[in-house]
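*Asks:* Chain by chain, the residues:
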Amino acid sequence: MISMGRYSVSLKAVYVVLVIALFGGLTIGAIVTGGRAEVSRVGSLYLEKGFEFPNIENAVFGVYGMYRFYDTLFELLIFATAVLGITIFSDLESSLDSEKSGLVESHVVSASASFLYPAIAVFGIYLAFSAHQGPGGGFAGGVIGGTGILLLALARGAEETGRKFREDSMKRVEYLVLFIALLIVVLGAFYPDTIYRNLPGISVITVVNISIGLKVFIGTWAILHFFVKHRGEV
Amino acid sequence: MSANLIVSAISIVIVCVGVIGLILKRNLLLKLLSLNIVNTATILFFVLIVYKPGDRAPIGPVTGVQFADPLPQALVLTSIVINFGVLALSLLFTMVLVKRYHTLDLRKIEGFVKREFEEEKS
Chain A
39 MISMGRYSVS LKAVYVVLVI ALFGGLTIGA IVTGGRAEVS RVGSLYLEKG FEFPNIENAV
99 FGVYGMYRFY DTLFELLIFA TAVLGITIFS DLESSLDSEK SGLVESHVVS ASASFLYPAI
159 AVFGIYLAFS AHQGPGGGFA GGVIGGTGIL LLALARGAEE TGRKFREDSM KRVEYLVLFI
219 ALLIVVLGAF YPDTIYRNLP GISVITVVNI SIGLKVFIGT WAILHFFVKH RGEV
Chain B
33 MSANLIVSAI SIVIVCVGVI GLILKRNLLL KLLSLNIVNT ATILFFVLIV YKPGDRAPIG
93 PVTGVQFADP LPQALVLTSI VINFGVLALS LLFTMVLVKR YHTLDLRKIE GFVKREFEEE
153 KS
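Chains as they are written, first to last, in my numbering: chain A, 39 to 272; chain B, 33 to 154.
Heads up, some of the hints might be wrong.
Stated by the list, open to error - Distance condition first, Cα-Cα at most 27 Å in a straight line; then the derived DSS-like pairs of lysine-lysine:
#1 B:K131 / A:K267
#2 B:K131 / B:K63
#3 A:K202 / A:K267
#4 B:K63 / A:K50
#5 B:K146 / B:K57
#6 B:K146 / A:K50
Keep in mind that the hints were calculated from the coordinates and are not lab data.
From just these sequences and the hints, can you work out the full model?
*Replies:* Okay, structure coming up:
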């Protein structure tokens with residue numbers, strides 16, 4: 039392919055035109071012939087059945103936390119695989135210390151970070167706790183907590199923030215969370231009524247949400263910390 | 033209907049920009065950026081599927097209200113998180129390649145790999 043020179047470029051252009059024509063034609067055709075689509079058949083089923091659970095008022099959580107929990111489980115597994123790869127390489131590269139070139143410190147950033155971080159963390163935890171009754175969810179809460187930690191790293195330096203949050207024990211918590219999600223899936227397959235319906239109070243819903251939130255929080259921080267460490271400083 | 037067509041045309045154009053970058057660019061970082069652009073256009077398309085004027089967010093057992101479809105919203109969550117993980121991991125592999133071959137050009141990297149393979153063979 040390389041030796042063909044100009045010919046290979048024109049072949050690629052043909053590929054591009056073909057892909058664009060296929061995708062555009064299919065999409066516009068589907069929209070024109072489909073007419074005004076109502077809620078899809080599966081979606082309306084979820085809407086009808088989702089509110090039957092005693093504690094769930096958010097139908098989106100009903101989809102990803104109850105009906106399509108396998109989907110969420112494999113999503114968590116893919117995310118865990120990505121974080122695991124990054125952690126392994128981060129351990130391999132830790133012997134090579136890159137030169138530290140910190141930015142000029144600004145008092146505004148550090149003061150506002152220490153002022154804002156508690157509010158951001160509380161908001162993330164609130165979103166993860168209350169996702170079955172309102173807008174939010176474990177994913178959103180975890181990402182909000184992770185970006186809050188990034189703000190803290192921006193103010194005080196990544197190394198100190200990593201030490202403060204005890205990364206080594208956090209990695210163990212990450213796998214514990216995966217184990218909890220797997221446990222809920224396996225138990226829910228065998229005893230669906232006990233797991234999903236008959237537990238009193240907030241039951242398994244909050245456990246699911248908190249574990250998803252913790253997983254995303256730790257994974258986000260691990261990924262961000264790797265790139266920050268490699269670059270030197272934020 | 034016409035607004036739907038316009039937004040879908042926009043998302044198709046964005047996907048085309050991403051695909052063109054993915055196929056024609058030789059820089060690895062630009063390829064990853066194009067992949068991200070394609071993902072963004074996909075999310076825009078999901079939003080187009082869900083959005084209908086007058087629909088409410090599917091929260092609360094309220095009767096007499098038309099709710100939006102909850103399924104694409106859950107799929108968008110999956111799409112965002114997986115895109116984040118895949119992008120981070122592929123950036124890491126790009127960093128490893130750059131550290132080893134000191135270039136981002138895919139053709140040069142292919143040439144290096146081919147040469148190494150032939151040296152190993154002989």
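*Asks:* Does each hint fit the structure? Answer for all of them.
*Replies:* Now the hints, each set against the structure:
no., hint, result
1, B:K131 / A:K267, "16 Å, holds"
2, B:K131 / B:K63, "18 Å, holds"
3, A:K202 / A:K267, "15 Å, holds"
4, B:K63 / A:K50, "15 Å, holds"
5, B:K146 / B:K57, "20 Å, holds"
6, B:K146 / A:K50, "22 Å, holds"
When held up to the earlier numbered hints, the structure conflicts with none and fits them all.
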